[in-house]
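Undergrad: Kindly generate the complete structure, drawing on both the sequences and the hints.
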Amino acid sequence: MTDQQHPDESAENSGASRRDFLKQSSIMAAFAMTPPAAVTAVEKGLHEKVATRFEQMPLRVTINGTAQQLNIEPRVTLLDLLREQLNLTGTKKGCDHGQCGACTVHVDGTRVNACLTLAMTTEGCKVTTIEGLANGDQLHPMQEAFIKHDGFQCGYCTPGQIMSAVACIREGHADNPDEIREYMSGNICRCGAYSNIVDAIMDVKQGGQKV
Amino acid sequence: MNPFQFTRVTTPKAAISAVTKESGTYFLAGGTNLIDLMKREVIIPERLVDINKLPLATIEKTATGLRIGAMAKNSTVAEHELVKKNFPLLSQALNAGASAQLRNMATVGGNMMQRTRCSYFYDNTMPCNKRSPVQAGPDKGEPNGPTGCGAIGGYNRMHAIFGTSEKCIAVHPSDMCIALVALDATVNVSGPKGDRKIPFVDFHRLPGDAPQKDNTLQPGELIMSVDLPMNEFAKNSHYLKVRDRASYAFALISVGVGVDMKGKTIQDVRLAMGGVAHKPWRLTEAEQFLKGKPATEANFKQAAALAMKGAKSFGENDFKLTMAPNSIVEALKTATKTA
Chain A
1 MTDQQHPDES
11 AENSGASRRD
21 FLKQSSIMAA
31 FAMTPPAAVT
41 AVEKGLHEKV
51 ATRFEQMPLR
61 VTINGTAQQL
71 NIEPRVTLLD
81 LLREQLNLTG
91 TKKGCDHGQC
101 GACTVHVDGT
111 RVNACLTLAM
121 TTEGCKVTTI
131 EGLANGDQLH
141 PMQEAFIKHD
151 GFQCGYCTPG
161 QIMSAVACIR
171 EGHADNPDEI
181 REYMSGNICR
191 CGAYSNIVDA
201 IMDVKQGGQK
211 V
Chain B
1 MNPFQFTRVT
11 TPKAAISAVT
21 KESGTYFLAG
31 GTNLIDLMKR
41 EVIIPERLVD
51 INKLPLATIE
61 KTATGLRIGA
71 MAKNSTVAEH
81 ELVKKNFPLL
91 SQALNAGASA
101 QLRNMATVGG
111 NMMQRTRCSY
121 FYDNTMPCNK
131 RSPVQAGPDK
141 GEPNGPTGCG
151 AIGGYNRMHA
161 IFGTSEKCIA
171 VHPSDMCIAL
181 VALDATVNVS
191 GPKGDRKIPF
201 VDFHRLPGDA
211 PQKDNTLQPG
221 ELIMSVDLPM
231 NEFAKNSHYL
241 KVRDRASYAF
251 ALISVGVGVD
261 MKGKTIQDVR
271 LAMGGVAHKP
281 WRLTEAEQFL
291 KGKPATEANF
301 KQAAALAMKG
311 AKSFGENDFK
321 LTMAPNSIVE
331 ALKTATKTA
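Residue numbers (this note's numbering), protein chains in the order written: chain A, 1 to 211; chain B, 1 to 339.
Treat the hints as calculated values from the structure; they're not laboratory data. Every clue listed holds true.
Result set (DSSO-like, lysine-lysine): computed pairs, CA atoms no more than 27 angstroms apart in a straight line:
hint, chain 1, residue 1, chain 2, residue 2
1, B, K53, B, K21
2, B, K39, A, K126
3, B, K53, A, K126
4, A, K93, B, K39
Okay, the calculated bits of chain B under chain A, using three or more residues with CB under 8 angstroms as the criterion:
hint, stretch
5, 26 to 35
6, 93 to 104
Simulated DEER-style distance windows between Cβ atoms:
hint, chain 1, residue 1, chain 2, residue 2, range
7, B, K61, A, G172, 18 to 26 angstroms
8, B, T338, A, R60, 52 to 60 angstroms
9, B, K291, A, G172, 37 to 45 angstroms
10, A, C191, B, A246, 13 to 21 angstroms
These numbers come from a predicted model, not from an experiment. C-beta: ideal position from N, C-alpha, C; glycine also.
TA: If you want it as structure tokens, here you go:
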């Protein structure tokens, strides 16, 4: 069952209606209408609670400009979807609990922690990751600035730092080093790149380039 | 993370009926706290009802003040012109909380529902009366880890000094809620039995014998909006947050102040404290004392002493008995510009 087939039901109460449907309909009908994993579970006569564990749901989301039609388990986070299913490994998994900012991506233009975002909640959204920042071979001004000011160190936190740095300017919070430190505080790394990162952001902000 | 069923709703009515149908069902708003707790298996829902598409994110003027939709993002509220102009205390408190990423995700309603950050609550292997009686997960009703309170007699540096019980000494973690209780907010909720209003001061509760209950919401009730009455505190508002680092840390002590001044005299004042109790802690006695008095350090100290009546510490958090009154005085000095 996809959104296109049943717009009203899925918009209102897609999970509930599908479970009722699974219980009531024949296996043939289930074959026609539900994602393969859920069908297999029901077909094999598995208990409903067990069937739930195999359940996948449809998700439509645009990632770095490409529209995606996916089937995912509801418990998959946006971070795991990007890395494990779409092989977009630029977004890093650090703490996985919303504390380090390594997984920062933009959803509909605002920065969020992908590790605390269930992918299902991005239905119809536009997601931008570090892979989507450059324009072809031309790096984004913030990527250039990070290279110029050596804002990398080990590099693991860097994609999240760059996504945050771009957002920091777009949000209008990059007017001075103190403000930058405050609005970059959700990106915690343990190395010494901080001062170089602040320099990179100041450089882009003062350069007046469009971010 | 344990598997769960997922339902997306687009109307409050559908949201309420989805939650009342089954136990073990939770509303999912910004998810910044719930998803974290699910990853740690502190909460194990059977179903999530995604309310992110509900049309409850508007911020609008009303006849008596401002109405903020429950699904408005923390960052949107903090940056909103009407909030910054009329309720700067709320704006300051919101910006003192979490990180920019989390404020972009977190909602006003969700912020009110966030659970304590007590480390014993977060650790399934440690005793916790707040976590263990929670009816969640496939083994509904079974305690999720040992009962008792690990923090009493344990590491309780972050813990409460007011309104504690022998069952629980956890603190409420929100900064936003400190501003809301100081600003006399009202919460509008809708549920299976209809709509009702809850004065914000009554929204959260003290632990007593049931620390698993954070608030006075009834099963199936959905937070629709928060109302703020207009006031004269805008010019003299301050949110002071004392914490272990300059940004992105929970409060050891926080103080929200709004003062209506006539010359150097305090006409009216609102005071609330965070990091000290199981709920946002309103300092009513100190407010009464300050009304009609000149804004002097001596008066602030007396008010702070009144506010500290009944405070009780638990060892590691003894310092709060000194830090709290000092913070009250500092916040009042800053708000009244007498520093």
